[in-house]
Amino acid sequence: MQREDGLHLLFEVRAATLRRQGGQVCFPGGRMEPGETAEQCALRETEEELRIPQSSIQLLGRSDYLCQPGHFFLQPVPGLVDEAGFCALRPSPAEVAEVFTVPLEFFRSNPPEMYFYTLEPESPSDFPYDAVGVSPPYNWEGGEVDVPIWRWEGRAVWGMTGRIVKNLIETMEAF
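Residue numbers (UniProt numbering): 1 to 175.
Hints in this document: simulated from the structure, not taken from any laboratory.
The structure presented is a predicted model; accordingly, all values stated were derived computationally and were not measured.
Glycine is no exception: its CB is placed at the ideal position from the N, C-alpha and C atoms.
Do not take every clue at face value.
[Said to hold, decoys possible] DEER-style ranges, computed between Cβ atoms:
1) 84 x 127: 38 to 44 Å
2) 6 x 124: 48 to 54 Å
3) 73 x 48: 18 to 24 Å
4) 80 x 111: 21 to 27 Å
Using the sequences plus the hints, can you model the full thing?
This is how it looks when you write it as structure tokens:
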């Protein structure tokens, strides 16, 4: 969204009562309904969570797919919220504890703290090695997941939300 000092990213703090990631910083979003496009989902979820009318959001396209290991793939759909949309903003208390914005320039000028965690595969004891033509112990590939963290006024933009921001900044820098 455009503010006096430039473009800002709009974040939510999820309601503490939510089963997943309660109290954490995120963007509006959620699970796609059957037959829904990523764009339709982004608009619907933003309206449900923040009461910003869909007509106040100009979609800018789709970002790269991001993977949350073991859970899901996510395709962010960035958009610009106009002034009327910002004025209409009324967070749904069932889903959103608070909202805040951060200048885009903050993310562009301040690299995140980077942390990494390791994914260690663990095969089930009854894995049918003979059926797939390999002998135990098989050398399963592990992996590493990056965890960017930006600190802003007592809040942390991190995890999947941090990866979305990092991807957005890297994409912008490429153009």
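Do the hints match the structure? See the list:
1. Taking 38 to 44 Å as the suggested C-beta distance range, the pair residue 84 and residue 127 does not conform, at roughly 57 Å.
2. Against the hinted window of 48 to 54 Å, the Cβ-Cβ separation of residue 6 and residue 124 comes to about 52 Å, which satisfies the hint.
3. In this structure, residue 73 and residue 48 meet the distance hint of 18 to 24 Å, their C-beta atoms being roughly 21 Å apart.
4. Distance hint check: the CB atoms of residue 80 and residue 111 are about 25 Å apart, consistent with the given range 21 to 27 Å.
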